[in-house]
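**Q** The residues making up each chain are set out below.
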Amino acid sequence: MKKLINDPNDVVVEALLGVEAAHPDLRVDHANKVVYRGDAPKPGKVGIISGGGSGHEPLHGGFVGLGMLDAACAGEVFTSPVPDQMLAATKLVDGGAGVLHVVKNYTGDVMNFEMAAELAAAETGANVVSVVTDDDVAVQDSTWTAGRRGVGVTVLLEKIAGAAAEEGRDLDAVAAVARKVNAQGRSMGVALTSCTVPAAGSPTFQLGEDEMEVGVGIHGEPGRRRVPLAPAKEIAEMILEPILSDLPFGSGDAVIAFVNGLGGTPLIELYVMYNEVSKILSKHGVSVARPLVGSYITSLEMAGSSVTLLKVDDELLSLWDAPVRTPALRWGI
Amino acid sequence: MTDDVTTVALDAWVRRFAELIAQERDHLTELDSAIGDADHGANLDRGMTAAVASLDDLGPAGAGPMLTKVGMTLVSTVGGASGPLYGTLFLRMGTVLGDVPSVSAEQLGAALRAGLDGVVARGKAQAEDKTMYDAFAPAVDAFEAGLKDGLGLADALGRARAAADEGRDATTPMLARKGRASYLGERSVGHQDPGATSVALLVAAAADTLR
Numbered sequence: 001m002k003k004l005i006n007d008p009n010d011v012v013v014e015a016l017l018g019v020e021a022a023h024p025d026l027r028v029d030h031a032n033k034v035v036y037r038g039d040a041p042k043p044g045k046v047g048i049i050s051g052g053g054s055g056h057e058p059l060h061g062g063f064v065g066l067g068m069l070d071a072a073c074a075g076e077v078f079t080s081p082v083p084d085q086m087l088a089a090t091k092l093v094d095g096g097a098g099v100l101h102v103v104k105n106y107t108g109d110v111m112n113f114e115m116a117a118e119l120a121a122a123e124t125g126a127n128v129v130s131v132v133t134d135d136d137v138a139v140q141d142s143t144w145t146a147g148r149r150g151v152g153v154t155v156l157l158e159k160i161a162g163a164a165a166e167e168g169r170d171l172d173a174v175a176a177v178a179r180k181v182n183a184q185g186r187s188m189g190v191a192l193t194s195c196t197v198p199a200a201g202s203p204t205f206q207l208g209e210d211e212m213e214v215g216v217g218i219h220g221e222p223g224r225r226r227v228p229l230a231p232a233k234e235i236a237e238m239i240l241e242p243i244l245s246d247l248p249f250g251s252g253d254a255v256i257a258f259v260n261g262l263g264g265t266p267l268i269e270l271y272v273m274y275n276e277v278s279k280i281l282s283k284h285g286v287s288v289a290r291p292l293v294g295s296y297i298t299s300l301e302m303a304g305s306s307v308t309l310l311k312v313d314d315e316l317l318s319l320w321d322a323p324v325r326t327p328a329l330r331w332g333i
Numbered sequence: 001m002t003d004d005v006t007t008v009a010l011d012a013w014v015r016r017f018a019e020l021i022a023q024e025r026d027h028l029t030e031l032d033s034a035i036g037d038a039d040h041g042a043n044l045d046r047g048m049t050a051a052v053a054s055l056d057d058l059g060p061a062g063a064g065p066m067l068t069k070v071g072m073t074l075v076s077t078v079g080g081a082s083g084p085l086y087g088t089l090f091l092r093m094g095t096v097l098g099d100v101p102s103v104s105a106e107q108l109g110a111a112l113r114a115g116l117d118g119v120v121a122r123g124k125a126q127a128e129d130k131t132m133y134d135a136f137a138p139a140v141d142a143f144e145a146g147l148k149d150g151l152g153l154a155d156a157l158g159r160a161r162a163a164a165d166e167g168r169d170a171t172t173p174m175l176a177r178k179g180r181a182s183y184l185g186e187r188s189v190g191h192q193d194p195g196a197t198s199v200a201l202l203v204a205a206a207a208d209t210l211r
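Protein sequences appear in the order of chains A and B. UniProt numbering puts the first sequence at residues 1 to 333. UniProt numbering puts the second sequence at residues 1 to 211.
I should point out that these hints are in silico values taken from the structure, not numbers from a laboratory. Do not take every clue at face value.
Away from chain B, derived, C-beta distances all over 12 Å, residues of chain A [what the hints assert, rightly or not]: (1) 16; (2) 53; (3) 148.
Facing chain A, from chain B, some residues (calculated, C-beta under 8 Å) [as the list claims (entries may be wrong)]: (4) 33; (5) 38; (6) 39; (7) 42; (8) 62; (9) 75; (10) 81; (11) 83; (12) 121; (13) 122; (14) 126; (15) 180; (16) 184; (17) 187; (18) 209; (19) 211.
Note that beta-carbon positions come from the ideal geometry of N, C-alpha and C, so glycine has one too.
Could you put together the complete structure from these sequences and hints?
**A** What follows is the structure in structure tokens.
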């Protein structure tokens with residue numbers, strides 16, 4: 001293992017110290033590993049918190065700030081945060097208008113957020129609504145699995161719901177727009193290499209030099225199949241076809257097209273990927289209303305990419321375009 | 001009654017479980033790398049180390065408060081799915097037992113049953129989903145059946161241990177339908193479930209200490 005760290009057990013704690021040092025707008029509750037807005041709670045504004053295992057940065061801490069999240073809870077690497085953390089975050093951001101919990105659909109995350117919501121209701125009477133993201137089409141959505149995983153749509157949802165909360169919508173309305181984003185978004189990814197959890201010290205899975213994992217999850221969970229490495233244009237076909245046919249997206253649809261890096265893939269390759277994605281979309285008559293290209297939901301140093309398409313209307317677009325000021329996304333200000 | 005379980009014994013149970021988890025930490029992690037996310041051993045070890053420390057801090061306490069303390073500590077320190085699941089298991093046991101210095105074998109059975117019900121309520125697992133349920137449910141059944149057959153505490157726990165081990169082994173050919181392993185579909189077949197493995201250690205620890 002070759003990593004820019006001190007002690008593998010201190011990675012999360014020291015990264016949060018770095019976040020605090022780098023971003024004076026933000027505050028960090030180190031005991032609970034919560035990053036929150038310096039101006040929280042904002043009276044009358046719906047608070048939005050999210051959280052999850054660390055190792056997906058900038059998700060979620062990098063999306064805390066004006067127009068996006070009010071707080072983010074950092075778990076151990078690839079491990080859901082515990083209820084105490086979400087409880088603390090909920091208290092920190094509750095300005096009296098209720099709190100939205102944005103939860104990625106993983107068994108542990110869902111259970112820990114559920115317990116936190118129960119505790120918050122019992123302790124403070126806080127009004128909490130949870131929205132679960134489950135956009136990964138690589139997983140069959142059936143009663144026989146834990147359901148689809150929450151991946152790229154989570155980034156878009158946090159931005160859009162954050163804008164809705166910032167403009168003063170109430171909790172039900174913010175939750176409704178969040179659910180709409182999840183319902184209209186689909187994602188899939190491909191891994192070219194594995195990743196190494198610092199505390200584990202060795203790669204999570206083995207992938208040959210000439211292999212890739214199609215449909216990989218953001219914790220290195222296996223996907224649909226392992227296939228020989230292919231050129232970007234074929235990879236784009238492999239992951240876009242299941243996305244397009246799932247919603248389905250079709251001629252005349254406008255989308256936010258999000259080409260995401262999984263942590264170890266350089267931007268130049270993401271643009272190669274974006275080029276392929278954009279060609280396939282135009283062949284299908286799908287127009288790109290807004291692009292997003294970069295590494296926003298990652299899996300440590302995994303090489304690879306995921307693509308998320310979100311079908312948008314005027315409402316979602318205007319919320320997407322609204323001002324945002326966070327460490328990882330900022331525009332309009 | 002010789003078959004009463006004292007708080008001293010319950011304390012020993014928790015400590016023995018922590019010991020077994022520490023010993024099997026790497027094995028659990030290895031099982032979890034095959035079909036999960038390689039953190040089961042580390043997470044449970046962290047949680048049980050904290051649970052033992054919390055018992056040290058707690059000092060003398062009744063059966064219920066003791067197990068409740070363990071449950072709260074696990075919920076706060078483990079994370080993942082194991083935190084809520086093991087946490088709920090201990091919290092439910094604690095609630096059933098109440099603040100008493102010792103409990104009967106039957107009361108222990110009721111507590112284990114409540115713990116199992118808590119796991120089901122939290123995780124929504126059913127038989128043959130390839131989860132901790134598949135080892136824990138047969139163990140609780142076997143313990144209750146053993147007492148019904150007139151066995152003493154130690155023998156009934158012996159049966160529970162055998163049932164848990166058998167249930168754990170039976171997860172290997174199963175297709176995972178819950179948790180991260182379910183993403184693998186057919187590829188989960190042929191791997192022993194880490195959660196079933198760790199809960200079999202909980203039952204083994206009980207058989208080692210509650211006598």
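**Q** It remains to establish, for every hint, whether it holds in the given structure.
**A** Cross-check of the supplied hints:
With a minimum CB-CB distance of about 16 Å to chain B, residue 16 of chain A clears the 12 Å threshold, and the non-interface call stands. Taking the minimum C-beta to C-beta distance to chain B, about 8 Å, the non-interface status of residue 53 of chain A is violated against the 12 Å cut. The beta carbon of residue 148 of chain A sits about 9 Å from the closest Cβ of chain B, which is not more than 12 Å, so the claim that it is off the interface is violated. Taking 8 Å as the C-beta contact cut-off toward chain A, the hint placing residue 33 of chain B at the interface holds, the least distance being around 7 Å.
With a cut of 8 Å, the hint placing residue 38 of chain B at the interface with chain A holds, because the nearest CB-to-CB distance is about 5 Å. For the restraint placing residue 39 of chain B at the interface with chain A, the shortest Cβ-Cβ distance is roughly 5 Å, inside the 8 Å limit, so the hint holds. Checking residue 42 of chain B against chain A: minimum C-beta separation of about 6 Å stays under 8 Å; hint holds. Because the smallest distance between the Cβ of residue 62 of chain B and any Cβ of chain A comes to about 23 Å, over 8 Å, the interface hint for this residue is violated.
Hint on residue 75 of chain B holds. Least Cβ distance to chain A is approximately 6 Å, under the 8 Å limit. Residue-level restraint check for residue 81 of chain B holds (minimum Cβ-Cβ distance to chain A is 4 Å; threshold 8 Å). Taken as an interface hint, residue 83 of chain B checks out: its beta carbon lies about 6 Å from the nearest beta carbon of chain A, inside 8 Å. Contact between residue 121 of chain B and chain A, as hinted, is not supported at the beta carbon level, the nearest pair being about 11 Å apart and thus beyond 8 Å.
With a least beta-carbon distance of about 6 Å to chain A, the hint placing residue 122 of chain B at the interface is held under the 8 Å criterion. Residue-level restraint check for residue 126 of chain B is violated (minimum Cβ-Cβ distance to chain A is 10 Å; threshold 8 Å). For residue 180 of chain B, the interface hint holds, the least distance from its beta-carbon to any beta-carbon of chain A being 6 Å, beneath 8 Å. Hint status for residue 184 of chain B relative to chain A: holds, with the closest Cβ pair at about 6 Å, below 8 Å.
Because the smallest distance between the Cβ of residue 187 of chain B and any Cβ of chain A comes to about 6 Å, under 8 Å, the interface hint for this residue holds. Checking residue 209 of chain B against chain A: minimum C-beta separation of about 27 Å lies over 8 Å; hint violated. Hint status for residue 211 of chain B relative to chain A: violated, with the closest Cβ pair at about 33 Å, above 8 Å.
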